[in-house]
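Asks: Residue numbers (my numbering), protein chains in the order written: chain A, 2 to 386; chain B, 2 to 386; chain C, 2 to 386; chain D, 2 to 386.
Since the hints were derived computationally from the structure, they do not count as laboratory data. Just so we're clear, the structure is a prediction, and the values are computed from it rather than from any experiment. Don't take each hint at face value.
Unchecked claim - Listed below are the simulated PhoX-like cross-link pairs for lysine-lysine, each with C-alpha atoms no more than 25 angstroms apart in a straight line:
(1) 234(B) x 32(C)
(2) 364(D) x 364(C)
(3) 10(C) x 287(C)
(4) 336(D) x 209(C)
Here are the chains, one letter per residue:
Protein chains: 4
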Amino acid sequence: MAFSLPTYKAPEFSERPLRDCPCVVLGKVRKTGVAPEHYHATSIYPEYFHLRDGRWHLLRESRMDCVVVLEKSGTLAAKEFRHLRRGDLVALGRRENGEDGIFVHTKGFDLSQNGADKFAFRTHFTREASFSIDYDELYDLLQFERQKGFIVWVLGPAVSFDKDAREAFVAMVERGYVHALLAGNALAVHDLEGALFGTALGQDIYTKKTAALGHYRHLDAITRVRSVGSIKKAIEKGAITGGIMHAVLKEKVECVLAGSIRDDGPLPEVIGDVYEAQDRMRAVAKRATTVIALATQLHAIATGNLVPSYRVIGRGRVRPVYFYTVDMSEFAVNKLANRGSLTAHSILTNVQDFVVTVERGLKRRVQGSRCKVQGARWRKERVTP
Amino acid sequence: MAFSLPTYKAPEFSERPLRDCPCVVLGKVRKTGVAPEHYHATSIYPEYFHLRDGRWHLLRESRMDCVVVLEKSGTLAAKEFRHLRRGDLVALGRRENGEDGIFVHTKGFDLSQNGADKFAFRTHFTREASFSIDYDELYDLLQFERQKGFIVWVLGPAVSFDKDAREAFVAMVERGYVHALLAGNALAVHDLEGALFGTALGQDIYTKKTAALGHYRHLDAITRVRSVGSIKKAIEKGAITGGIMHAVLKEKVECVLAGSIRDDGPLPEVIGDVYEAQDRMRAVAKRATTVIALATQLHAIATGNLVPSYRVIGRGRVRPVYFYTVDMSEFAVNKLANRGSLTAHSILTNVQDFVVTVERGLKRRVQGSRCKVQGARWRKERVTP
Amino acid sequence: MAFSLPTYKAPEFSERPLRDCPCVVLGKVRKTGVAPEHYHATSIYPEYFHLRDGRWHLLRESRMDCVVVLEKSGTLAAKEFRHLRRGDLVALGRRENGEDGIFVHTKGFDLSQNGADKFAFRTHFTREASFSIDYDELYDLLQFERQKGFIVWVLGPAVSFDKDAREAFVAMVERGYVHALLAGNALAVHDLEGALFGTALGQDIYTKKTAALGHYRHLDAITRVRSVGSIKKAIEKGAITGGIMHAVLKEKVECVLAGSIRDDGPLPEVIGDVYEAQDRMRAVAKRATTVIALATQLHAIATGNLVPSYRVIGRGRVRPVYFYTVDMSEFAVNKLANRGSLTAHSILTNVQDFVVTVERGLKRRVQGSRCKVQGARWRKERVTP
Amino acid sequence: MAFSLPTYKAPEFSERPLRDCPCVVLGKVRKTGVAPEHYHATSIYPEYFHLRDGRWHLLRESRMDCVVVLEKSGTLAAKEFRHLRRGDLVALGRRENGEDGIFVHTKGFDLSQNGADKFAFRTHFTREASFSIDYDELYDLLQFERQKGFIVWVLGPAVSFDKDAREAFVAMVERGYVHALLAGNALAVHDLEGALFGTALGQDIYTKKTAALGHYRHLDAITRVRSVGSIKKAIEKGAITGGIMHAVLKEKVECVLAGSIRDDGPLPEVIGDVYEAQDRMRAVAKRATTVIALATQLHAIATGNLVPSYRVIGRGRVRPVYFYTVDMSEFAVNKLANRGSLTAHSILTNVQDFVVTVERGLKRRVQGSRCKVQGARWRKERVTP
């Protein structure tokens, strides 16, 4: 069944009790990087602020655990504490029901409509939960998002350790199901090691045979890339001819590689300052309509922090943002599932199987519907973010 | 690539040191159920016993942690302690190198040949291990075993909780990839609940919607079966028309349902005495050439105890027995992987994905090779056990 | 702070709507072992049945997933399906609010009182949950239960693998904190192996050194016990002088060893028929006021099935039954935590640490309160079950 | 038993085959940050380099996956790739047996001596492994290291979530068992939240009660600290009067807080550039003699990368560095256990229990040995790093 977006229903600001709510009080930042007392902190939900113009303004491009700044332009922005500047005007108030001029809208999406009820709220994620429907919904969703949305994948290194999974991910990149990639140094290193040597950490990604001096492989991959200056140049020069990073750069998929203290190297494109990396990730996350995070607690939680449950598209239409977490561990998955949103899904499995299954499922769907998609046309068809 | 069995090389009994080894000493059982002192206990490997006739006799149909009895017929049998009878003659000696007339042959299979080296010994099983090759090998193996071997599946209830996995397993039963099923009451109960109501523990196995009074579903399924007398009769009467148990009985797959203290009901076919159940499982396990255990510690370990690493087929040919364990937990999987045999494989993933992937992979293979298999012909073609 | 039992508040049967509810309809069992249609199935909560005498009768000694039989003596009994006899009168009706003459009382315990609110309902169990308070509460609870209750421990083999944990458990047995033990063959085998050889599965339980021919150790332990006829006799004869089974038998702790298909041996006291074992476990579980299940999914879930959330003591007083599950895996623990009762606690840790910590904590408490307890006097002081 | 260091035995350079080995070839760095071809990469073991002066020089302050630079001063240094400067002279050669003038000494520590054999090499870490001896060894080791070594703790946030664990860790800081702390923003944030509000993520760290507006607590803690400028100032001003960070700063424990993309805030002391943070961590890791990493994959693996298996103390004496990993997951623990060194230990348990048990165990030991330690005297007694 084709996917359709659930309808968003804005709050009734013309009726009680919201009609009678005061305007939000703004407090001034006295010290750079420090919020004034009683600051309001953002959630993952759509939030409205009652401003002096008498209207309730929806915060666009939100993320949780930020403060809301009324910019000089008159627009509202969710800002991280570290980005607060002296003089910034910050929304104050912690009541979320309008009494402080702030309304957090937790029930905006009508679940009774077609398409929407399929994504029902499910709280219990265990390895024994059925997930046939999750795959089927995901195929529908990804076919929709491929043209109308912005699909962000968050990858731990595991995807690069297995031949089939790596190839399946590359195929999805090539067929337009990957619009942005968030990952770390390790994913790129092991993928490039695979491209250069067919191994990951010295082990053949198909036969599993350990190469002689295999522990040099990832360091050699790093060294080769550092010697030419960047992953991009290594690809342009033909040193790297396959794999995830190759596909991502060839298909002009947006990519942020964030550094961590675990890193060897690092690869030139990796951003060493984590707060700059977070800003770059947020620039991607702002546009996300579906996020799929695979086998990485660090990057999955970081992205979960940056992605709200909704996105404003076009002229103020509000749509949900879907967030999938795939991991082997109930513990890891529940960290993200606790977002309390209808749009958070978790699948407990090995990401190798997940990626291969999704890629094959999408192919079957497309063949089934005789959908003909030429080259990289999807990119133009996509709603410009 | 087609699968071929690795060659087995028997020990050189005509050469030193084995040539000069004494005959094995036999001790008499003085008390039923109690082995004499210095009894030899079996391993998972082929074991040879030097008898009075001057020849080394291979123990057929072995299993680990048993004692070896020389029967009046002159054949050797691996017997559980509880089956020892007063007067039984038991092999004594704990040296495994022949010095006690007992030789445990740990290196019988030549790994340098075609087919064999693919199944190299792998000790480290983590969720990040590549397993593309394991799937590919498994497709080859199952196609071979389907006609020439005896494939035993050991199932926890998880397979019955998910629509796609359940259907994939049924398809494999129908296409001859399942020769025996070892499971417990729960697998059968939830499968029958699925057949009757479309749910497992009251939750729809596709939509995940919780049924009203859903907690009655599995009890109602049990009651219906108990009321007609058996699962078999429920199927014959048309009360059960689909699912795993239906396919298993329709296709005359051998099936042992072993009881446990967790059981509700139980279903009529479930064997309440665990030692009788173990005996029945061993009767199946003796014939196994490939075992695949999915998401059940209890039944997987129990079966692992019963299955040796080799099987004697036809006129004394020895072949390996392959043992796959699929589970989400490193802990569970490593319990079985520690068998120390070339033939133990572990795959860390959700069994739902595993079963669906294997079924689809087998179908692709068969289509690819234009293999035409009619009906249930495979059963006749199989080597009679 | 000393522990005190929360007050139980019975339903208001003299008021609406319960006042006007009909009597429960009873259906006759037509076939042994088969419940009549519309049978009511029990929960873990106190349940009341409106009988012909016009009164609501509380079901004593309940367990979940049973049917309720009105015995000829006029008392109600929760019976397993397999125990239904032709002619038994079974309560019918699935509405739990009284409309069918059945009232399931989910909110009987007043949490606002002293002692009671400490055991607040907690649903989320993760490894990162704080559990200082759980230990403190448990010390209070166990000191109370030691004299006034009936403490049932359910043990997987892990406790016998570690010297400190094994000794700590023995100390708790000796000091009266263990009134019954539910376990399997493996716990007893490895404990006896420890008593005889200082090893578990051939590995020293303190130094971890692997013994020569260590894989014979557990078989030798089984053989020695089988040769004298029983664990009891082995202890009486002085063959076993320490460890868990020794303490349990010496202190006359009730003990049920239930068989499973994994068992080697088995030891003579192990019950091979799982439904007989279940009945024996239920006879113990009926009297339980606190259950602590350590590192065993099989036995923990089996016991969880048998233990209701309440127990009727003395002349109709109702008290809660506390149920602790301790395991390393969120998955395992949540299987039991889903009982939905205020009295289910889960602690995610290694049971070795848990047992040692509890034993030391209890000792500190007792020393702190200068509590003097002589010998085995506790057993007499205990409320006779 | 008191702990004593195992003896280190240097290689026999005056004997064959090492006597005849060539000098190591040095290659020049042509491009900053890029190693020359055939560079040698370091391991965790002591490595010797045969230099032009005819002597074999031990690399001091090593870490794995670095290149070895002969500095102008004539000393050898293990340098990360990113720190290579144009013109640096780098050791070339990948044979580790001396044939390239490089000898990697994997068997330097004599395990037959007192003290040493206790730390035998153990490869299998499962939740069912006995670990009484690990605790006992750790008490001995920590008492030794407290005065003679440098104990580095690596902490995930979990330790701050539980009252008893947090207090136990503070007690160990105060009694001199913590010489350095490596952690991230989250550990500090939740510890400070605990100091200010008694909660972690809004939940009371003892009663587990959720505070009203609890999700503001960690943001409020961050804001308070940012408003005064640093954690240090917040403590000096008396705003923070307890907890881990308070103890660490009061006792002048070295502390590196490394940033990650998950961070809120961050706290002022947190280092945003991960490679700067890695350098700062390495400055601490260089001096480590024992490392204990608790419930953090990111920081534990990062530290594992930085810490070799040996340390050179005083005038060229070589001693082992002990590395403990404590986590709930076999997967996490085995990532570090695969270091292949005699000195890597893993304990599978909840770190809350671990910290509490270690603190109580150390206290018992010290009381038992009537050891009198005044104030912070230990710091002077310690071997100056």
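Asks: For the pair supplied as a hint, residue 364(D) and residue 364(C), confirm whether the alpha-carbon distance does not exceed 25 angstroms.
Replies: Measuring from Cα to Cα gives roughly 16 angstroms; hence the hint holds.
Asks: Would you mind confirming whether the straight-line C-alpha gap from residue 234(B) to residue 32(C) stays at or under 25 angstroms?
Replies: Holds - the C-alpha atoms of residue 32(C) and residue 234(B) are around 16 angstroms apart, at most 25 angstroms.
Asks: Does residue 287(C) sit within 25 angstroms of residue 10(C), going by the straight-line distance between their CA atoms?
Replies: holds (21 angstroms)
Asks: Would the pair residue 336(D) and residue 209(C) pass a check requiring their Cα atoms to be no farther apart than 25 angstroms?
Replies: Cα-Cα ~22 angstroms, so holds.
Going down the numbered hints, you'll see the structure goes against none, and every one checks out.
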